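A.B. asks: From first to last, the protein sequence lines are chains A and B.
Just so we're aligned, residue 1 is where the first sequence starts under this note's numbering, counting upward by one.
Just so we're aligned, residue 1 is where the second sequence starts under this note's numbering, counting upward by one.
Hint data in this document are derived by calculation from the structure and do not stem from the laboratory.
Take these hints with a grain of salt, some might be off.
Note that the list lumps identical chains together, so a pair holds whenever it fits in one copy or between two copies.
[To be verified] With a straight-line cut-off of 27 Å between C-alpha atoms, the simulated BS3-like cross-links for lysine-lysine are:
1. K249 to K35
2. K201 to K220
3. K249 to K208
4. K274 to K312
5. K312 to K104
6. K97 to K115
7. K313 to K274
8. K274 to K35
9. K115 to K35
10. K35 to K97
11. K35 to K312
12. K208 to K312
From a predicted model like this one, the values you see are computed outputs, not experimental measurements.
Number of protein chains: 2
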Amino acid sequence: MALTIPDAETIKQAAERIDPYVHRTPVLRSAFFDKLTGVSLFFKCENFQKAGAFKSRGAMNASLSLENHELKAGVATHSSGNHAQALARAALLLGVKAYIVMPKTAPAAKVAAVKEYQGEITFCEPTLQAREETLKQVTDRTGATEIHPYNNYRVIAGQATTALEMTEQCPPLDYILCPVGGGGLLSGTALSAHYFSPQTKVIGCEPKGADDAFVSFNSKTFYPSISPQTVADGLLTSLGSLTFPIILKHVHDIAIVEESEIIQAMQWVWERMKIIIEPSAAVPLAVAISGKLDLQGKNVGIIFSGGNLDLKKLPWL
Amino acid sequence: MALTIPDAETIKQAAERIDPYVHRTPVLRSAFFDKLTGVSLFFKCENFQKAGAFKSRGAMNASLSLENHELKAGVATHSSGNHAQALARAALLLGVKAYIVMPKTAPAAKVAAVKEYQGEITFCEPTLQAREETLKQVTDRTGATEIHPYNNYRVIAGQATTALEMTEQCPPLDYILCPVGGGGLLSGTALSAHYFSPQTKVIGCEPKGADDAFVSFNSKTFYPSISPQTVADGLLTSLGSLTFPIILKHVHDIAIVEESEIIQAMQWVWERMKIIIEPSAAVPLAVAISGKLDLQGKNVGIIFSGGNLDLKKLPWL
Chain A
1 MALTIPDAET IKQAAERIDP YVHRTPVLRS AFFDKLTGVS LFFKCENFQK AGAFKSRGAM
61 NASLSLENHE LKAGVATHSS GNHAQALARA ALLLGVKAYI VMPKTAPAAK VAAVKEYQGE
121 ITFCEPTLQA REETLKQVTD RTGATEIHPY NNYRVIAGQA TTALEMTEQC PPLDYILCPV
181 GGGGLLSGTA LSAHYFSPQT KVIGCEPKGA DDAFVSFNSK TFYPSISPQT VADGLLTSLG
241 SLTFPIILKH VHDIAIVEES EIIQAMQWVW ERMKIIIEPS AAVPLAVAIS GKLDLQGKNV
301 GIIFSGGNLD LKKLPWL
Chain B
1 MALTIPDAET IKQAAERIDP YVHRTPVLRS AFFDKLTGVS LFFKCENFQK AGAFKSRGAM
61 NASLSLENHE LKAGVATHSS GNHAQALARA ALLLGVKAYI VMPKTAPAAK VAAVKEYQGE
121 ITFCEPTLQA REETLKQVTD RTGATEIHPY NNYRVIAGQA TTALEMTEQC PPLDYILCPV
181 GGGGLLSGTA LSAHYFSPQT KVIGCEPKGA DDAFVSFNSK TFYPSISPQT VADGLLTSLG
241 SLTFPIILKH VHDIAIVEES EIIQAMQWVW ERMKIIIEPS AAVPLAVAIS GKLDLQGKNV
301 GIIFSGGNLD LKKLPWL
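Bound conformation, chain A alone:
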């Protein structure tokens, strides 16, 4: 595994490496939201990304960076979310196996999504300990390489390509607002802004019901995510040992929003932009709408991180 924080060249190489396998997603505008907020908003639509989320970037970059003999034995992770789908897809494209450890309580839709990409699922008890132990058993048995969803520099370099593209697609941005769960996207975004657009301030955006990054950032001390309660199911995880230091060094601030603000922002995006984003993806826009940051008249990039959710369970129903 790459042992150092990705530098500018590493991120550019990641962008080249994954280019044949991922979308260069569009940046959309919205007259409605510009008027609502008084801000010039630029929406980077990773909801249109392959497998429906930015996670395809990191999973692809990490898989493609393995040595041939490593890659042959396959890749593995414990996840029930977008990273599991993204990793299964990466493995399928590269002709190797993806071993995915999932809690046996995982929703049928998420199991089906991994199976669609021919991921080999091992079910376990729904505890972190069971997931980690089961993953260890799987990697011991198969020799597959674990690709962590965020605590992996190659994954971070892959996620960083999102903001790299934004610097090419948008006018100079004063801010980028980015959701934060484990911090893979946020740390990658902060690195890309630092290298490629140093005047851009990066703000992590987090649900108040899962504010471990907010607390950790402000106290400069790692606090894990304990019993998080939020509709933004992609943002439940704790920061990682690799992501937290990057965030501390390069992120300008972390802002939190209420559940009702997240749901309202998401519903407005569906109604006004006619595009589907998942709850986690609505968090940065909710921050922009909340007025908690002084963004008036600024150019602000918003990362719509993904568009995967159960269409039968919408948060406003």
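On the provided structure of chain A, position chain B as indicated by the hints.
C.D. replies: Just chain B now, kept in the frame of chain A:
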């Protein structure tokens, strides 16, 4: 009112006239649907159109085509659907009043959408007779010009600009699949194909539960839509005296699909393309998926006609 069927020049003029007021909507592709159908599909995304549907084109063209003294007195229609919103928006942009007659049973969401564009609503009993009589009273009182949702050549010329753009945005198309309700979009599409892409066959696509166009087309005799039952609420209306002859002359065929096929197509679009289309907009894709037409290996344009619906009442819930 323009008294003759729009010719090529008239449609080009309509495109120029409305250009500052409407979006040139994108044409999207989908690897998933291409694979599913064996067809090269080109999706014209009028769900991203201003006010959420192609109706903005016809309403804008008709309003802009009025003489100054006519325009000053405002525009009027009886509608509770996308045309009402589109006409209210057109009037607002042109600084005149839009008088909208709506049944008092209209959903709150549709009333709110018209009010957002400052349309002046007159409520009436929920019968066609009451709607027509109330509209007559309103136009007598105000001097406003009625803009019919589809039985109006300027509206038809406006809707025809959708397919005109497709001929510029897509490779040569073998087919265009287009929903049919009153026939404004379908007749405009057929005219544009005839003038600008004569090798393109235009297929009207209709729910089996509202198959008046199918019956009328095949019998060459006008049959009204009586007690239509379909989730595609934009396709409940009967063909018009102006649209039906154009459809008879220039449309290649009309295809019908079941409700379940419409809902499945719509849900797949939401899941796979991450964009929001309304049920009526899913009908042409449902036809392509059904295999009822021999489209294998062809280039086929699909018009996603709109994206307005109540997000609390999804057809798969």
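A.B. asks: Which hints from the list above does the structure break, by number from lowest to highest?
C.D. replies: 1
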